[in-house]
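Enquirer: Chains A and B, in that order, give the protein sequences.
Just so you know, we're using numbering that gives the first Met the number 0 here: the first sequence kicks off at 0 and counts up by one.
Just so you know, we're using numbering that gives the first Met the number 0 here: the second sequence kicks off at 0 and counts up by one.
Read the hints as simulated data drawn from the structure, not as lab findings.
Virtual Cβ for every residue (Gly too), placed ideally from N, Cα, C.
Check the hints yourself; a few may be wrong.
Derived DEER-like restraints, expressed as beta-carbon distance ranges [as the list claims (entries may be wrong)]:
1. Leu274/B / Ser288/A: 41 to 47 Å
2. Pro26/B / Glu54/A: 38 to 44 Å
3. Pro88/B / Glu284/A: 27 to 33 Å
4. Pro52/B / Glu261/A: 50 to 56 Å
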Amino acid sequence: MATDHELRLRERLTRLRNVNLLGGAKLSGELEKLQRQLDRLQAGPTDEEIWRSVELARHQDRPYTLDYVARLFEDWVELHGDRGRADDAALVIGIGRFADRTVALVGNQKGRDIKERTHRNFGMAYPEGYRKAIRLMELAELHHFPLISLVDIPGAYPGVAAEQHGQGGAIAHSQAHMARLGVPIVACVIGEGGSGGAIATALADRVLMQENAIYTVISPEGCAAILWRDAGEAKKAAAAFKPDAVHCLELGVIDAIVPEPEGGAQTDPDGAAKLLGESLQEALEELESASPDELKRRRRARFRSLGVYA
Amino acid sequence: MSSRIDVSIEHRNAPEPPGKKHPNTCPECDSHYRDDELESALWVCSHCGHHFPMRARSRIASLADEGSFVEEAADLRSEDPLDFFDLRPYTERLAEAEMKTGLGEAMVIGQAAVGGNACELAVMDFSFMGGSMGSVVGEKFSRACDSAAQRGVPLVSITASGGARMQEGILSLMQLPKTVCAVEDLHDSGQAMLSVMTHPTTAGVLASFASLGDVIVAEPGALLAFTGPRVVQQTTREKLPEDFGLAEQNLRFGHIDAILPRPELKPYVARFLRLFSRNGD
């Protein structure tokens with residue numbers, strides 16, 4: 000399974016090692032990063048390591064979207080509202096300067112204390128949130144701003160009003176808008192990539208994932224409740240459906256793993272932001288020479304190739 | 000392939016658990032029918048109008064002009080990318096579903112004509128693992144979009160699904176963007192899509208291609224929800240409105256264009272195809 004990615008990583012590693020003359024600090028950092036990814040790929044995470052990722056991805060001190068924005072963006076202007084019904088605080092949008100260019104950003108946002116958590120609805124977006132995201136996508140397209148999406152959501156909100164306002168349709172249309180954009184899109188899962196609520200803003204040219212983030216079709220608890228008929232079996236469910244970054248890379252679901260400081264992003268938010276910023280910038284620069292049609296074509300081809308069948 | 004045949008069937012003839020009605024008994028009014036009675040009535044209760052679930056083959060037979068249906072990609076089969084094992088292995092569940100339904104997967108696609116108008120059909124079958132969408136359903140739907148685009152005909156999608164197939168993990172979630180991209184390619188080719196949502200069209204299928212029809216219609220009483228009533232109730236403890244998530248509520252809130260009793264579907268599809276065939280063709 001892993002061979003394709005493993006080969007590509009190996010090739011990059013060998014190439015970088017042979018560039019002796021350029022062996023500055025930046026290059027050795029790059030080498031270390033690749034070597035670490037390769038080591039993890041070869042070892043393959045154990046069930047315990049997978050569960051640790053689930054815990055770290057949900058850690059209450061883990062940096063959220065606005066923590067990264069504060070560290071990576073200049074001239075940040077947050078925008079509000081879907082221009083129709085509401086301003087969903089679980090999903091933030093805005094524009095700012097990132098690595099010398101204006102970019103549009105959409106990101107899920109959880110709260111730190113009880114008051115903010117309630118205000119942010121524990122990061123679970125309503126359809127209004129996805130319509131707010133669509134509004135930002137249209138702005139990005141009109142003004143040729145690249146789009147960055149930071150994904151960190153337990154799941155789209157499962158409530159009566161959310162259903163009445165069209166949760167399923169909003170998630171579908173948010174993806175459809177991303178499939179249509181002619182500007183570069185880079186998404187990174189920075190915590191929980193929870194199901195439809197996450198993919199709604201993750202149909203990107205490059206999909207990255209932090210080392211301890213998880214990306215799931217259903218929460219481990221939800222899966223356990225359905226298949227094991229016991230939510231307490233979440234650990235078993237997680238081990239079975241493998242939501243960790245290494246497995247997502249193996250399956251081709253993500254393009255690269257963004258390293259985190261030792262012990263997880265929550266131990267050193269500044270360090271985590273620096274590593275995330277480097278990866279986002281690198282991914283954006285890879286995309287910026289492509290024409291709008293080329294971007295769209297390749298983005299759709301990327302997602303249309305996902306799946307395993309005989 | 001051989002591993003697929005080796006399945007456990009010890010419960011096959013076990014008695015129905017008490018309180019569970021026979022599949023041919025109407026859950027609304029308890030009228031009971033033979034298979035052939037229901038088949039000739041389009042699986043609608045002639046007493047109270049309840050719509051029984053309709054199998055993919057029956058649906059196609061009821062819609063496509065006689066002899067017009069040419070199935071595509073019938074040989075695609077699911078793999079087990081995660082070696083998934085919950086209470087039973089995924090491969091065993093797949094084999095059992097194939098034996099039970101006579102279908103290779105939860106979706107059947109192919110070329111057809113409805114009322115003399117050429118189209119592509121993509122029809123789901125809830126009996127195959129709850130109509131869940133894994134890699135094969137995603138691929139079949141994508142191929143249906145391509146076939147429609149290549150032949151310059153509209154696509155008619157008929158959904159019945161509980162959502163993404165958990166046993167394929169994150170790859171099943173990736174079928175959402177995959178099918179969305181396929182619809183976008185279809186639209187770019189200038190072709191239209193009619194989405195017919197039948198009971199139930201929920202979660203991952205509602206949150207992807209099913210919601211992207213140029214026109215969306217539903218069957219009476221169909222549950223069309225991203226999250227079903229039981230989970231909403233358990234998670235939020237909210238009091239649910241009586242028609243929560245049903246087609247009727249979706250029509251009222253503006254999410255679908257019409258509710259069509261089953262006998263009215265074929266003429267509606269034919270009209271859609273006439274309207275969306277390219278002018279002058």
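Enquirer: Regarding Pro52/B and Glu261/A, is the given constraint of 50 to 56 Å on their beta-carbon distance met?
Expert: Hint holds: Cβ distance 54 Å, inside 50 to 56 Å.
Enquirer: Do the beta carbons of Pro88/B and Glu284/A sit within 27 to 33 Å of each other?
Expert: 45 Å, violated
Enquirer: Taking the beta carbons of Pro26/B and Glu54/A, is their distance inside 38 to 44 Å?
Expert: 43 Å, holds
Enquirer: Is it true that the C-beta distance of Leu274/B to Ser288/A lies inside 41 to 47 Å, as the hint says?
Expert: 42 Å, holds
Hint compliance for this structure: hint 3 alone is broken.
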